[in-house]
Amino acid sequence: MPRTSIIPFGPQHPAFLEPLHLKLQLEEERVVGVEPSLGYNHRGMEYAMEKDWKRNFFLSERVCGICSFHHSTTYSQAMEAMTGTQAPERARLIRIIMLEVQRVTSHTLALGHMAEAMGYENLFMQFFREREEFMRVANEVSGNRVHYCMNWLGGVRRDIAPELAKSIEQRMDATQGRLEELAKVVRKDSTWLKRTKGVGVLSKRQAETWAVVGPVARASGLSYDVRQSGNAAYAMDGTKFKPVWREEGDTWARCMVRMDETLQSVALIRQGLGLLREGPIESKFKGNPTGEGFSRDEAPRGELMYWVKANGTSSLDRVKVRTPAFMNIPPLGEMLMNEQFANVPVIVVSVDPCICCTDR
Amino acid sequence: MIDVRDKLRQAESLGPARLISIFPVDNANGTLDIIYMFQVGSEVVQHRYAIREDEELDSLSDLFKGALNMEREMVDLFGLKVKDVEGGLLLCPESGVIRPLRKPAKQTDERKEGGDA
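Taken in order, these protein sequences are the chains called A and B.
Quick note, the first sequence lines up with residues 1 to 360 if you use my numbering.
Quick note, the second sequence lines up with residues 1 to 117 if you use my numbering.
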């Protein structure tokens, strides 16, 4: 009868720097029990957002630095739905471009982090080299690298000048080839395959019952993507979009979905730039809103939801933020079960858990 | 105890339902609205129930495991009672912070009159 040991993974761990704690129960090297615990980073963001609806266009970005534009866009869309304000076409396209730029920065960060967890230092640096190109694009469009402060009720506060649009297109051409080379490593490299194939499997049924979202869901056979439908559907603005999804449900599939989505985002940025026409970037709204508004957006980690209730004053009655990582972290218990202890960091990183988003 | 399962079963007849979120909204009068949000096909379906603050909710975590943390959050941040669900997800029980997202009850006209008198 093997002896059972309890090993803590986090909240401080070299393979995963954010404060997530997993209480792992091991029989020799095999994981036989997992108890995730959260809340180390709870900041009361929903409470803070009730104080001033105008401040939230900037405050919502502070929920998470990796998908900040997604947060402020979703909040803006919820407020626009509440007030019946329609953002102009150019503003919606600028949002799509920035959303996709930030998706690339997030996915390349996740893939680089994955390489680092496997001991692939050089590959980590290559992913981050490509990421830097997109960070610079975001910086040039918004004037900031992390918190862009671009969204507002009814549109955006920064435009993309024709010269900048041309420059971005040229850079997309240059980075695409390098990203395709990196995709070959993720797809075919023998070490990468050995560490990820058949490891940390989440079946389609498990993915449904845990209500997981984003690349984690799409790697387990659920083709669901917010960009396909609803008020945030890309087709409404003329861009062509088809979700990337796979059926394997393992760590490799989660990496492949992110890798293919990175290339898809480059294509969407090009489409968005090609569709930009002269026009306003903001619709005006005066006064304080009243009523309820709801919006969803496909953030890099999956479906992000904002639900807002206003009362006609500068404060709000309620702001609910449902982040994708909040849904994707709990099933780690199922993914880690019966896996080797050495695979734990790789599986945890493959979920791309964001504790800032989860704890809010 | 509110029966969201029945409503969900009706919605499920349209296609498989995917849980999006469960969250409360404080009405500041001793009642809360509990909103259950699902995706059925390409539609978002909302079920909304008004409950008293001391009323116990049924847990959906046997149908959707993903519901458990949403329910634990409701216990932590709103002090709600959910059947067989304990808090401690976001707040430490020993921290002394109790239901931080609840609102103080609004003064009713009756109370105002009484106070003024």
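One thing to keep in mind: the hints can contain errors.
Estimated spans, in silico, between C-beta atoms of each pair [as the list claims (entries may be wrong)]: (1) B:ASN29 with A:PHE341: 49 to 55 Å; (2) B:LYS103 with A:ARG55: 16 to 22 Å; (3) B:ASP84 with A:LYS23: 19 to 25 Å; (4) B:ARG52 with A:SER314: 42 to 48 Å.
Simulated from the structure, these hints should not be mistaken for laboratory data.
Using N, Cα and C, we set each Cβ at its ideal position, and we do this for glycine too.
Violations among the numbered hints, reported as their numbers in ascending order: 4
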